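The listed protein sequences correspond, in order, to chains A and B. Going by my numbering, the first residue of the first sequence is number 3, and it counts up by one from there. Going by my numbering, the first residue of the second sequence is number 26, and it counts up by one from there.
If you're looking for bench data, these hints aren't it; they were derived computationally from the structure. None of these values were measured; they are calculated from a predicted model. Wrong hints could be hidden among the right ones.
[Stated by the list, open to error] Calculated cross-link-like contacts (lysine-lysine; reagent style DSSO-like; alpha-carbon spacing at most 30 angstroms):
hint: 1; chain 1: B; residue 1: Lys95; chain 2: A; residue 2: Lys59
hint: 2; chain 1: B; residue 1: Lys82; chain 2: A; residue 2: Lys73
hint: 3; chain 1: B; residue 1: Lys96; chain 2: A; residue 2: Lys104
[To be verified] To give a feel for the contact side, a few chain A residues facing chain B, derived at Cβ under 7 angstroms:
hint: 4; residue: Thr28
hint: 5; residue: Pro31
hint: 6; residue: Phe32
hint: 7; residue: Pro46
hint: 8; residue: Ser48
hint: 9; residue: Ser60
hint: 10; residue: Gly62
hint: 11; residue: Gln112
hint: 12; residue: Lys114
All residues carry an ideal CB built from backbone N, CA and C; glycine is no exception.
Listed here are the chains, written in short residue letters.
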Amino acid sequence: KNQVEQSPQSLIILEGKNCTLQCNYTVSPFSNLRWYKQDTGRGPVSLTIMTFSENTKSNGRYTATLDADTKQSSLHITASQLSDSASYICVVSAGVTGGGNKLTFGTGTQLKVEL
Amino acid sequence: NAGVTQTPKFRVLKTGQSMTLLCAQDMNHEYMYWYRQDPGMGLRLIHYSVGEGTTAKGEVPDGYNVSRLKKQNFLLGLESAAPSQTSVYFCASSYTGTVDEQYFGPGTRLTVT
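Looking at chain A on its own, in the form it has when it is part of the complex (with noise of 0.2 angstroms):
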């Protein structure tokens, strides 16, 4: 069964630290994985998307990394700010015969940054 298991649950911050989620994943035929925000109340949007042969990629104050050998990624945030603050979902998507991907979504990391 594909699962996806994200690190810590939740997190309080300082505005202007640093910190770094985790994600482990257990999907086959892996094709992707994706993080997304989450702000309360609102949908998720996606922050970065990797393929297999990718083991870094940023977008902005994040940078993701891969490891498909351990099947690990981690979402690193620099220099918090407050608006920040919301759910970081892990994603991890699996090829499906006859085309297409089938998305397997974690459960997210409740991130708080405080002043």
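Given the structure of chain A, go ahead and fit chain B onto it with the hints provided.
Structure of chain B alone, referenced to chain A:
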């Protein structure tokens, strides 16, 4: 360019009532999806569509029906609502079903009493 919109934003139903959630996208995407999000669980796929006139079951399709009569619209129906269907429902769309980003709507919070 509004992206993905959903109506209504909130709804309260009594057990046994029916309703339809509407999703619209203006990005000319082929693929559209309906998900539900419950506390402590990742988003789960209810139904999806790979193009106008097509629909397919996802991970948790029971109790729901869908239709895609127009490319830009994807409707989710609950024929006889149950308390277990209390959830936040998200619609999403993408150009293809592979590595393309999925764009999500703002969600519909549904409570069934």
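Is the shortest C-beta separation between Gln112/A and chain B less than 7 angstroms?
-> Check failed: Cβ of Gln112/A comes no nearer than 11 angstroms to chain B, outside 7 angstroms.
Regarding the hint that Gly62/A lies at the interface with chain B, is the smallest CB-CB distance below 7 angstroms?
-> violated (16 angstroms)
Hint consistency between Lys95/B and Lys59/A [alpha-carbon to alpha-carbon, up to 30 angstroms] = violated (36 angstroms)
Quick one, is the Ser48/A hint okay against chain B at 7 angstroms, beta carbons?
-> The hint holds - Ser48/A has a Cβ within 7 angstroms of chain B, the shortest such distance being about 4 angstroms.
Agreement of hint Pro46/A with chain B interface, Cβ distance less than 7 angstroms = holds (5 angstroms)
Restraint satisfaction for Lys114/A [CB to CB of chain B, less than 7 angstroms] = violated (17 angstroms)
Hinted contact Thr28/A with chain B - closest CB pair below 7 angstroms | violated (14 angstroms)
Against chain B, is Phe32/A within 7 angstroms by beta-carbon distance?
-> Violated - the Cβ of Phe32/A stays beyond 7 angstroms from chain B, reaching only about 12 angstroms at its closest.
Between Lys96/B and Lys104/A, does the CA-CA distance stay at or below 30 angstroms?
-> Holds, at about 21 angstroms.
Satisfaction of hint between Lys73/A and Lys82/B, Cα-Cα up to 30 angstroms = Answer holds: Lys82/B to Lys73/A is near 28 angstroms, not above 30 angstroms.
Return the status of the interface hint for Ser60/A: holds when the least beta-carbon distance to chain B is below 7 angstroms, violated otherwise.
-> violated (16 angstroms)
Hint check: is the beta carbon of Pro31/A less than 7 angstroms from a beta carbon of chain B?
-> Violated, because the Cβ-Cβ distance from Pro31/A to chain B comes to roughly 13 angstroms (cut-off 7 angstroms).
In summary, the numbered hints that this structure violates are 1, 4, 5, 6, 9, 10, 11, 12.
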